[in-house]
Amino acid sequence: MNTAIHITLDWHDWLNLFAHYLLLSLMSLGGAISTTSEMHRFLVEQHGWLTQAQFNDSIALAQAAPGPNVLFVALMGWKVGMNAGSTAAAFLGMATTMTGILLPSTVFTYQVAQWGHRNRELRAVRAFKQGMAPVVIALLLSTAWILASSADAAGVQWPLWLLALASCLVIWRTKLHLLWVLGAGALLGAFGLV
Amino acid sequence: MTSPTTPGQPALDHPRPASLLALFLAFTILALQGFGGVLAVVQREMVERKRWLTQDEFVEDWAVAQIMPGPNVVNLSMMIGARYFGLRGALAALSGMLAVPLVLILLLVTLHARFADNPQVIGALRGMAAVSAGLIAAAGLKMAASLKRSPVPLPWCLAIGAAGFVLVALLKFPLFYVLLALGSLGCVLAYRTLR
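Protein chains in written order, with our numbering: chain A, 1 to 194; chain B, 195 to 389.
Next up, chain B with everything else stripped away, as it sits in the complex (with noise of 0.2 Å):
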């Protein structure tokens, strides 16, 4: 249990999960905090407390876990569970992710009839959304910080963030094409200044 079975990854100089269990407890953990989207949490819990992940390496594998079919974070954390045990590691991470949270999603709901109707259930749970909607978008700000050490040079990366912005907030663009069309520009232009 304490090598990873994913050879090559070198010795960094961040923490890591002592086991799999560890990695199991802190994504139910980071899971149940998470009302309304997990993935603040996810970069709140890795990058910020334990420090798994540095930013850079948190922004490259949300940047795949976004770019498969899937749901996003449950792709994240496999990813990042298998980055230290492997397959092991990312079984651990997704239950770890899933199990709680499905066990308790199904006592809301036969909760959830009795309580529908009460104001202050409403307002609470709007107060919670008006929350995440903040926490989602200091998760992307703080991702941002990682783009000063972008092959894409800086004022391209502002330009693809500003058009992806007004694209599929504003103008309501389908996902799928502005990750397709603003994805390529921005590969193509790393690709061009990597070697």
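Extracted from the complex, chain A is given alone in its bound form (with noise of 0.2 Å):
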């Protein structure tokens, strides 16, 4: 389906790639996701080593995949290596983005996240803790909304809206294992009921 692109990459180009993820890396607060137009800019507007269709179906495919969804960020690696014309490459190009977006923000949490851990006791510590949590619960609240809304993309569809309210309820209030309600909801969307 994607009209496949035949790039050349050199040592400098891929320095150039693990340079660029590493800083946006240290960007990323709240979340990789929240970097993604800096990474359309750089792969698909500036160097042009990733096509707009290759660029979307990486985001799309990581949100419907299992996992954390910052394996978008593989497959973008993974993709402009296959453009770079091999396997290999594609390894290569997974491993660089992977080691890029990660290493700089997991050594910095955990440093801040084990400095945290000793001075629990601390006043500021445990109010910063604490403090944050109507926010942070907030954000997740809207992270559900923004979610059905772009599941609800061609208009206002209300069995979807009903689907994930009802969802909400079963897992609020029962002891029912995820993948049923999961597995219930993948199989009303393939036989069309929502």
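Rather than coming from a laboratory, the hints here were simulated on the basis of the structure. Here the structure is a predicted model, which means the values were calculated and not measured. Fair warning: there could be bad hints in the mix.
What the hints assert, rightly or not - SDA-like cross-link-like pairs, simulated, lysine to any residue; straight-line CA separation at most 25 Å: (1) Lys342(B) with Val170(A); (2) Lys175(A) with Lys366(B); (3) Lys342(B) with Pro313(B); (4) Lys244(B) with Leu215(B); (5) Lys366(B) with Arg41(A); (6) Lys175(A) with Pro209(B); (7) Lys366(B) with Phe42(A); (8) Lys342(B) with Thr174(A); (9) Lys366(B) with Glu38(A); (10) Lys244(B) with Trp172(A); (11) Lys175(A) with Asp207(B).
Claimed, not checked - Which chain A residues face chain B? A few, computed with CB under 10 Å, are given here: (12) Tyr110; (13) Ala124; (14) Pro159.
Beta carbons are placed, not taken as given, at the ideal position from N, Cα and C, and that holds for glycine.
Dock the two chains into a complex; use the hints.
Okay, here's the thing in structure tokens:
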């Protein structure tokens, strides 16, 4: 479905890609997804290493697949490598972007979390962790809202919202395993009922 | 492998992971259930099923994971791992979260081109996205229960929560500024109450 493009990457292109993702990692406050517009600018507009369709597919597939959404970064690296002409390059691309996006942020977060843990009795640390709770929970509910609206992109379709609401109530109020609810959603969707 | 490398964690009255392998497997299994995001599953598995964290501890860790740079659930998994086994725990949880899902997504990307236009597949993905929205909302509602014990007075909690939702979900304000403004307000309020 994608019209593949052919690109050549020198070693300094690889370094450039790596350095850019290292930088994005530290900019990704609020999650890696918040830097997608910058990734788009870099990969699609500035260098032309990915097509628009490949970029969109990476995000959509990572959203749909199980696992953390940050895997869209791995897919972008993979596709850049494929465009460069080989499966080996695809593995290199994936390793480059994933290491880049994860290394700085995880090292930094680990250090801060350990410091916070050692000083967890400090009034300021407790105030920070507990004071952030209301807004953090609000963000979670916002994420749910935004996700439900994007599933509903083709216009207001009440069955989709009803499904989201019903699964929310079931998970909130019962101990039913998540996979049953997800499976039910997939079936309803596959048969065109939502 | 039995003594935690993080010093000073008191002997809590809730269960803990038996080993690094248990940690790795737990995060692999929960990552594989996370369609459209893993957070709701982390809450379900860690707090309600395995009970490695209380709801309050989970909310506090999530607050930190959300503020720090980097993918939120990756940060969270690392912090939970570090709670019990220090750096080794952080790495075990992190690789559990990423390794198998990474292999799986590469398999999917090769299949994707073949099935992307299939209406059943598109429908199933749409249904699952709606369900994930519900799961995430449910995780938020459960976490909201811990606000009753918050040092931030409850009316303020509700006001901050409502403002955050309106700004981010309805008015599409950038996340960063909302976190900064409403987060600082919450921290100041909490600081005044705490001793």
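Comparing the hints with the structure gives:
1. Lys342(B) with Val170(A): Within the cut-off at roughly 23 Å; holds.
2. Lys175(A) with Lys366(B): 33 Å, violated
3. Lys342(B) with Pro313(B): 45 Å, violated
4. Lys244(B) with Leu215(B): Holds - the C-alpha atoms of leucine 215(B) and lysine 244(B) are around 15 Å apart, at most 25 Å.
5. Lys366(B) with Arg41(A): 21 Å, holds
6. Lys175(A) with Pro209(B): 19 Å, holds
7. Lys366(B) with Phe42(A): 24 Å, holds
8. Lys342(B) with Thr174(A): 21 Å, holds
9. Lys366(B) with Glu38(A): 18 Å, holds
10. Lys244(B) with Trp172(A): 17 Å, holds
11. Lys175(A) with Asp207(B): Answer holds: lysine 175(A) to aspartate 207(B) is near 22 Å, not above 25 Å.
12. Tyr110: Because about 6 Å separates tyrosine 110(A) from the closest Cβ in chain B, which is inside the 10 Å limit, the hint holds.
13. Ala124: For alanine 124(A), the interface hint holds, since the closest Cβ of chain B sits about 7 Å away, which is under 10 Å.
14. Pro159: 9 Å, holds
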